[in-house]
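Colleague: Here is how the chains run, residue by residue.
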Amino acid sequence: MDAFLEWVETLPPSVAIAESGWLFPTIETAHVIAIALVVGSILMVDLRLVGVGWHNQPVSQLTRELLPWTWIAFTIALASGLLMWISSAVRYTHNLPFLAKLGLIFLAGVNMAWFHAVTQRTQDAWDRTLPPPRSVKAAGALSIGLWVVVVVFGRWIGFV
Amino acid sequence: MLQHVCDWLTEQSISAFVANTFWVIPMVQAVHILSLAVVFTATTIINLNLAGITHSAVPRGELILRLAPWVWRALGVMAVTGVLLILGEPARSLLNPVFQTKMALLVAIMLLTIGLHIAVARDAERFSATSCGFGVRALALLSLSLWFAIAVAGRWIAYVEHA
Numbered sequence: 001m002d003a004f005l006e007w008v009e010t011l012p013p014s015v016a017i018a019e020s021g022w023l024f025p026t027i028e029t030a031h032v033i034a035i036a037l038v039v040g041s042i043l044m045v046d047l048r049l050v051g052v053g054w055h056n057q058p059v060s061q062l063t064r065e066l067l068p069w070t071w072i073a074f075t076i077a078l079a080s081g082l083l084m085w086i087s088s089a090v091r092y093t094h095n096l097p098f099l100a101k102l103g104l105i106f107l108a109g110v111n112m113a114w115f116h117a118v119t120q121r122t123q124d125a126w127d128r129t130l131p132p133p134r135s136v137k138a139a140g141a142l143s144i145g146l147w148v149v150v151v152v153f154g155r156w157i158g159f160v
Numbered sequence: 001m002l003q004h005v006c007d008w009l010t011e012q013s014i015s016a017f018v019a020n021t022f023w024v025i026p027m028v029q030a031v032h033i034l035s036l037a038v039v040f041t042a043t044t045i046i047n048l049n050l051a052g053i054t055h056s057a058v059p060r061g062e063l064i065l066r067l068a069p070w071v072w073r074a075l076g077v078m079a080v081t082g083v084l085l086i087l088g089e090p091a092r093s094l095l096n097p098v099f100q101t102k103m104a105l106l107v108a109i110m111l112l113t114i115g116l117h118i119a120v121a122r123d124a125e126r127f128s129a130t131s132c133g134f135g136v137r138a139l140a141l142l143s144l145s146l147w148f149a150i151a152v153a154g155r156w157i158a159y160v161e162h163a
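Protein chains in written order, with this note's numbering: chain C, 1 to 160; chain G, 1 to 163.
I should point out that these hints are in silico values taken from the structure, not numbers from a laboratory. Hints may be right or wrong, so weigh each one.
Partial list, computed: chain G residues near chain C (C-beta under 10 Å) [said to hold, decoys possible]:
no., residue
1, H32
2, S56
3, L65
Quick reminder that beta carbons are idealized off the backbone N, C-alpha and C, glycines included.
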């Protein structure tokens with residue numbers, strides 16, 4: 001495993017990012033801004049799912065307008081995250097907050113996939129309903145909790 | 001002058017608490033970033049709509065009035081967490097040219113945002129028209145750029161040596 005990670009660190013882009021004074025902070029800045037848009041847009045949808053914000057907006061309309069932007073920002077966050085990781089693959093892969101962050105993003109993805117595949121099948125019945133059904137509220141609350149902790153661990157990576 | 005302020009702040013017990021308790025700075029920074037997520041997403045939606053780049057089923061004026069309270073609440077949290085971060089290491093921020101630039105940009109965006117929110121609160125209908133006038137669209141793009149520059153400056157405080 002470590003042999004592979006060390007090989008990743010010898011790749012030309014890894015070396016360039018690790019040795020440059022400005023590349024890493026520039027990529028990190030793009031990462032922070034992308035994460036802000038990912039988390040901000042997801043929170044808006046989640047608050048509606050919990051029944052707190054956007055009271056007279058159908059869930060379907062919010063997700064249609066916001067989620068394409070979430071995915072664009074997520075792609076930028078993933079690409080910039082990958083670039084930071086290759087610059088120091090050994091250190092990050094042994095960093096506990098980093099591993100916890102990846103695990104939590106995976107759980108947030110499972111929660112989202114379950115919501116889209118199962119809960120949303122009955123969306124016509126609760127698209128405008130307030131308060132939303134318990135399963136919808138649970139998906140929103142779980143997503144809020146997971147993304148908040150993702151940001152906490154993300155910030156913690158730099159302190160270990 | 002600023003150096004004296006930094007020295008005085010550093011002597012305060014809250015400064016030592018923030019600086020010496022291992023979890024305070026990462027936790028406060030995490031809350032600062034979560035609030036940034038709210039401010040940045042809400043203002044980006046508002047400004048892209050004002051500029052005519054994106055469109056929502058919610059009328060523009062109503063959209064702004066709904067998002068504005070969230071912008072101000074999150075900005076309040078950012079101010080409190082920002083002050084705590086300054087208290088932890090006063091010289092790292094107050095004497096840092098990037099931090100000073102960030103604060104100047106922040107004053108400019110505050111004035112723009114207050115102006116916009118007052119204008120919309122007075123006459124939301126006007127902003128809900130199919131397309132806003134050239135002036136409004138230009139100010140929306142300026143706001144978008146200012147928020148972007150503020151977020152960039154915020155991250156670069158850590159990478160620029162203070163005077």
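Colleague: Looking at the structure, which of the earlier hints fail to hold?
Modeller: Hint check: 3 fails alone, others pass.
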